[in-house]
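Relying on the hints, combine the two individually framed chains into one complex.
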Amino acid sequence: MVKIRDLRKDFKKYNCTVECRYLDIETGNSFGIYGDAGSGKTLFTKIITGLAGNYSGSVEIGGTELKKLYRKKLGYVPFRNILYGNLTLKEMSVFLLKHYSIDPNEYKVKMDWFSEFWDIKRFDGYKISELTDGQLQSVKIFAGLIHSPSVLVIDEPFNGLGEENAVKFRDLFTDIGKRDVTVLAVSSNMSSLELISQRTSSISNGRIE
Amino acid sequence: MILNGLIKEFRIFFRNKTVLTAIIFILFIEIAVIIRSSAAVRMSEVSAVFYFKFFQQHLMIMFFPAVLANILMAAFSVTSEKQSSMLAKLLPKGECFMMRSKVFFCSILSAFMGISYMLTAVWASGLGIFPDHRFVIFLSASFLFMISGLSSFTVYFAFSRFGGSNDYEPKVRVMMIYMFIVSFIIMVFYFFISVSLKTYFDYVTGFRIDYPNVEFLLFLSSNFLFLIIARIMLNGGEKKLSEGLI
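Quick note, the sequences are listed as chains A and B, same order.
Adding 235 to a residue's 1-based position in the first sequence gives its number in the numbering used here.
Adding 1 to a residue's 1-based position in the second sequence gives its number in the numbering used here.
The hints are simulated quantities; they were obtained by calculation from the structure and are not laboratory data.
Please note that a few of the clues may not be correct.
What the hints assert, rightly or not - Within a straight-line C-alpha distance of at most 25 Å, the following computed DSS-like cross-link-like pairs (lysine-lysine) qualify:
(1) B/Lys94 x A/Lys333
(2) B/Lys241 x A/Lys302
(3) B/Lys240 x A/Lys248
(4) B/Lys54 x B/Lys199
(5) A/Lys333 x A/Lys303
(6) A/Lys302 x B/Lys94
(7) B/Lys18 x A/Lys345
(8) A/Lys303 x B/Lys240
(9) A/Lys307 x B/Lys241
(10) A/Lys302 x B/Lys240
(11) B/Lys94 x B/Lys172
(12) B/Lys18 x A/Lys325
(13) A/Lys403 x A/Lys308
(14) A/Lys413 x A/Lys403
(15) B/Lys240 x B/Lys94
(16) A/Lys403 x A/Lys343
(17) A/Lys308 x B/Lys94
This is chain B alone, in the form it adopts within the complex (with noise of 0.2 Å):
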């Protein structure tokens, strides 16, 4: 059934002109990215902290594709359901479906968009050299997490606070404050993983003997809260859909 969502999503998804547009844009802008760091990285014989920095802004880049993926589903893709909500409605745990199949492609395009652009960034970059297998471990783990929770809210928010009554059409006021929820989570997140990837720089160039579990634990539990408490906000939103009070 989840595949048939699935499905659904992407055909409506892309064949919004708008939304291929913002993807094609996105991928081109990355690309550029990929080329010009890597000739950068290359042409420079520096020491290990230019380096991780390249490392660094690759890991931090990661997240706008996936950011605005999110966007794109909140504008776009919810607005594209329209009078649909109402077939939802009609079919057997339509509103559950509905709302799941969006999460679950909102987050697989995120995790598309921004795990091909890292990997590709840092490989090509030549950076291989920085991530150990515990340290990708973590970082998939957390951005999984941070993606899975980020999707769920933003699939909760368009669905509570768009208006069903108006066709999910988002009101300025309402997308400005959409904007602002995820810059502020975003920051959040910024602020953790620069604080885990300090410490794994340390490491990484022999200032610090011991791994930084510690701080990777602290960076991964708040992404699986972050994670859990849009879960629950999803599933309330489920809820009221389906008893029709938004």
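Bound-form chain A, shown alone (with noise of 0.2 Å):
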């Protein structure tokens, strides 16, 4: 479960200050936030995934205040590719895989049961950098899946996408929902985050209504 309470922190760079009074997220559900380009979606996310530190008031997942939580419980899906461009799928699956401690075999198994989603399974020997805008997105959110996070930031799902991959995203949220993950997605798409969120919310001049 994510519980957000008073939650409020000023991007000073960004001229935004973000705040979200009361916000209960039940565990394996999926909760999508609407906002306009520069409304402060994505400031949002870098909180809750621990990137933005220095935040009055509480954030707890699982029970466990943000600051004191491990960062495997956490999934993040940026906006912009952090993946190490040079790296394939497999070679970029498998650093995550060890990192986490996992056993890269489990690279199979993982490869097996995204692909029943988006059949990514074919990118398996190109390079991160020569994935198309859409190839790259899938690899995003299946690089943020890997460790089996509890819970999973998505900014912008359909970034490449496009909206008709909105009952694949329903599909998949399910089934991780099914799983106790607990999804969070922030779009400038109302309609399409409507579609696969169980909930939603809007943000506007960093205020979460």
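Written out as structure tokens, the structure is:
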């Protein structure tokens, strides 16, 4: 469960203050936050994933305060690519699995499972930098889920994929919801977000309504 | 975990065509110097001073590939991290892992390029008569301290001065400052090694009876001190990176 109370963080660099007074997301649920460009969506995801510290208020994930939370419990799919462009999908995945102290042979199991939603098996030997935007987005989601996190945060899920993938997202979120993974997705596309999330909210000028 | 980091660094580093070309070019230069030196030494029938000069030069040259490996690391490997620095902040102990795997890789590459050159050059040129066991141990330890310190400093400098918000793309001015500092470190290092080699030559040629232990220890200590300072800087860099200050 994700529990947020009186959250406030000033991002002076972006001239934006992110505020969220009350938010609860039940375990296994998917929650969407809609907001226009510059509304503070990405900054909010940075707080939730622990990338931006020194906030006031509290953010609890599974009963543990975010500041004390082990990073292994979080999965983050940011808007821009953070995977190594010079590595192939398989090399990148094995690198992540080894870093999370998971058996690298799990790669095949994870790949088979994820390919039920997006067939990324065929990019196995491709370098990350060689992938198209859509392929990259599906690979980013795979990388975010590879260590079986408790919470998955996705910034702009439809980035490069198109709205026709809404059904795949819904199926994926339902599947990982059964495995007690909570999903928080932020997007500027309200209609698509409503299709893939069980509950939605909006953000404007950094304030989550 | 470190092996995982080294494999990643190896792939990132050597898949960059500029880096690969530079490394191959350096290896060619090393081979050319060894062949030339070997031919020059064998052709001449001169004194021990002449031979020792060659020996000394090979020891001095040994540090250039090590320095070049550091420059390549700063200019290409850290830059290739780009947005992936965010990945390091998401992985458990990721910042520490990212910086240390770069330091380890840079140290191994420097040692490989430097030591392999020195050993090949000395023995291919028939200069193996000069180094005794104590000298080899002293020199190896000094070299390891030196390259570990230099690699730690390089990675610290790259992460703290290149600017994460700028995707670690170094500005010309910052790169010039880095080159200046590295040049200064090497000059200080050369000063100490020159003193040590002079006394060692006196000992080898019989002008001095006692082994130059004091000079060697001074040189070894200065390198160890440099390593300690560089590691403290690296630890500070790791802390700043994890706190999001750099």
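Comparing the hints with the structure gives:
1. B/Lys94 x A/Lys333: 13 Å, holds
2. B/Lys241 x A/Lys302: 16 Å, holds
3. B/Lys240 x A/Lys248: 22 Å, holds
4. B/Lys54 x B/Lys199: 10 Å, holds
5. A/Lys333 x A/Lys303: 23 Å, holds
6. A/Lys302 x B/Lys94: Holds, at roughly 14 Å.
7. B/Lys18 x A/Lys345: Judged against 25 Å, a Cα distance of about 32 Å means the pair is violated.
8. A/Lys303 x B/Lys240: Within the cut-off at roughly 16 Å; holds.
9. A/Lys307 x B/Lys241: 21 Å, holds
10. A/Lys302 x B/Lys240: This hinted pair holds, its Cα atoms lying about 15 Å apart.
11. B/Lys94 x B/Lys172: 28 Å, violated
12. B/Lys18 x A/Lys325: Status holds; Cα separation ~21 Å.
13. A/Lys403 x A/Lys308: 24 Å, holds
14. A/Lys413 x A/Lys403: Given pair A/Lys413, A/Lys403 holds - Cα atoms ~15 Å apart, limit 25 Å.
15. B/Lys240 x B/Lys94: Answer holds: B/Lys240 to B/Lys94 is near 11 Å, not above 25 Å.
16. A/Lys403 x A/Lys343: At roughly 20 Å apart (the allowed maximum being 25 Å), A/Lys343 and A/Lys403 satisfy the hint.
17. A/Lys308 x B/Lys94: 13 Å, holds
Checked against the numbered hints above, the structure violates hints 7, 11; every other hint is satisfied.
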